[in-house]
Structures are given as structure tokens and as C-alpha cells.
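**Q** Chains as they are written, first to last, in our numbering: chain A, 1 to 142; chain B, 1 to 142.
If you're looking for bench data, these hints aren't it; they were derived computationally from the structure.
As the structure is a computational prediction, the values presented were derived from the model and not from experiment.
Please note that the accuracy of each hint is not assured.
[Unchecked claim] For each label pair, taking beta carbons as the anchor points, the in silico distance ranges come out as:
(1) A:Val58 <-> B:Pro30: 31 to 37 Å
(2) B:Ala92 <-> A:Pro127: 36 to 42 Å
(3) A:Asp14 <-> B:Thr114: 21 to 27 Å
(4) A:Val23 <-> B:Trp106: 17 to 23 Å
(5) A:Val32 <-> B:Val58: 30 to 36 Å
(6) A:Glu97 <-> B:Gly107: 35 to 41 Å
(7) A:Asp89 <-> B:Gly68: 32 to 38 Å
(8) B:Arg82 <-> A:Gly68: 38 to 44 Å
(9) B:Glu60 <-> A:Ala17: 24 to 30 Å
Cβ atoms here follow ideal geometry from the backbone N, Cα and C, with glycine treated the same way.
2 protein chains.
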Amino acid sequence: MDPRVSLVTLVVADLEAARRFYVAGLGWEPLVDVPGEVLMFRTGERLVLSLWDERAAVEEIGPVVRGGTPPMTLAHNLGSRRAVDRVLDDAARAGAEVRSATARDWGGYSGYFTDPNGFLWEVAHAPGELSELLVPPGDEPA
Amino acid sequence: MDPRVSLVTLVVADLEAARRFYVAGLGWEPLVDVPGEVLMFRTGERLVLSLWDERAAVEEIGPVVRGGTPPMTLAHNLGSRRAVDRVLDDAARAGAEVRSATARDWGGYSGYFTDPNGFLWEVAHAPGELSELLVPPGDEPA
């Protein structure tokens, strides 16, 4: 098995709230949109983020843990601290609860926001090799 | 905010078990390996999968829900049904609990395995557009 992640699927209790946040709030264009079932976005080269309605999901995968903060985060990496602050402002305007960015022990700068279904996104600038690996060449530099 | 996922971070209660499974079992080469803290793999173009020790994680993000199946899955997409069966066999040999692949309502073929920290991976062949979007050209065709 090669190291390959093709889709990240978040099992959501409220798919309509997810649509309001990601589509209406952030302006993301869906790749697939089946109301009441699934909403998908292209979030990278050969990478899709899928929001799967919990009722549909449990039929296929069985019960999942609910409530609290899920034991995972998604990170959105950027080329500068300024861009981090700007994206956190975007998320706040779209209705997310935001924890402001701060300098981190590992040398970067990041903050978090929580999406309407409780999933945590880290918005980060990681200088050095990780940034070269993760941030597209077109991004505003530091 | 552009639709971009740079890292997927799984908060794990047992980082050593994760290392045994992903590194020793599946043969993945770490991008970053800090025992007791974090283990990272490159899992796509501008995409990293990070396994973050729970003790380190809760200091930064606060408590997370434990036990049961987390409300998310990772998918590993492949170019053929044969390849799906083969990868599920790989995962079983590496020690994962496997649910054999089956034809799905959405037209594809997929099975699941559970990693040592309870995270579900779907191993899938999705014919058509989704496959063209997700599966690298070098993959064995259907």
C-alpha cells in the first residue's frame, strides 16, 4: 500500500450547516452536491474533501463517536503570517468560532477555527521545508 | 479562503502502535519522526498525513473525544478492483482489522480497514470521473 490519501471524509450531523459555511460562507464550489447525503470539494491535486451526512454514513460504516472535538484536525497552510490572519478573518465572517493565530513551539504561526459540525481547522504558516512542500508556488510569499 | 487541505492530522492515543503499523507494517517512510510527539508521511502532492500524540495534541487544541470510531474516514483510491483487494490484504498482513470490499450503491467497489488507533480507511475503486481525478496515471488500470 502506497502512502496515498485520496479523500478525507468528515461525518457530519448537519450537512445543511456545512453547506452554508463552506459554500455560502467561504465560497467554495462543490464538486459533488447531493442534498441530504454528501457534499464534496476538490481541495488539492488528487484530493477531495467530502462531508457525509451521518445518517447515510452510519449505514455503511456503523456508529461513530459524537459530540466534543473529533480527534483530528485539517490544516490549511499558507505562505505568510499575514495570509494566516486574513484566512482566519474569512472563517470568522463565514460564522466559524476562531482561535487567533500565535507563534508555535515548532517555529510556525497558526490559529484554529471550528466548522459548524465541530471539526477543527488549523490555519498555518510553517516556514522552511514544510512550507516548500505544502504551499503552492502562486501563494503570496512571507 | 481557498479550498485547500495541506495536512490531515490524526490525534492518536498510541503513537508507537501507529509507527509499527504504518512504518514497519505498511513500509511507509516517515517525512518527520519525533518519538512520543509526531509522525508525518507525505501522502500526496502538497499533502501530509500527521499522527500526533494525544498528550502533545491536547496541550494545543484541548480535549478530544476518545473511544469508538472517529466521525471521519480517509480514502485510498485505486485504479482497479484487483488493486483494492490487494491493498486490503496488505493492511491485514500489517495487522489491521479488515472489512472486505464489496460493490457499493454509488457504483464503486470498496472495503475498509481500521488502523491501530481506531481510524477507518476506505480502500476504493470509483470508476469514471472520480477515478480520473484521484488516481495517478501510473496506477494499474481496471
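**Q** Taking the hints in turn, state whether each one holds.
**A** Outcome of the hint check:
{"no.": "1", "hint": "A:Val58 <-> B:Pro30: 31 to 37 Å", "verdict": "33 Å, holds"}
{"no.": "2", "hint": "B:Ala92 <-> A:Pro127: 36 to 42 Å", "verdict": "41 Å, holds"}
{"no.": "3", "hint": "A:Asp14 <-> B:Thr114: 21 to 27 Å", "verdict": "26 Å, holds"}
{"no.": "4", "hint": "A:Val23 <-> B:Trp106: 17 to 23 Å", "verdict": "21 Å, holds"}
{"no.": "5", "hint": "A:Val32 <-> B:Val58: 30 to 36 Å", "verdict": "34 Å, holds"}
{"no.": "6", "hint": "A:Glu97 <-> B:Gly107: 35 to 41 Å", "verdict": "38 Å, holds"}
{"no.": "7", "hint": "A:Asp89 <-> B:Gly68: 32 to 38 Å", "verdict": "35 Å, holds"}
{"no.": "8", "hint": "B:Arg82 <-> A:Gly68: 38 to 44 Å", "verdict": "40 Å, holds"}
{"no.": "9", "hint": "B:Glu60 <-> A:Ala17: 24 to 30 Å", "verdict": "26 Å, holds"}
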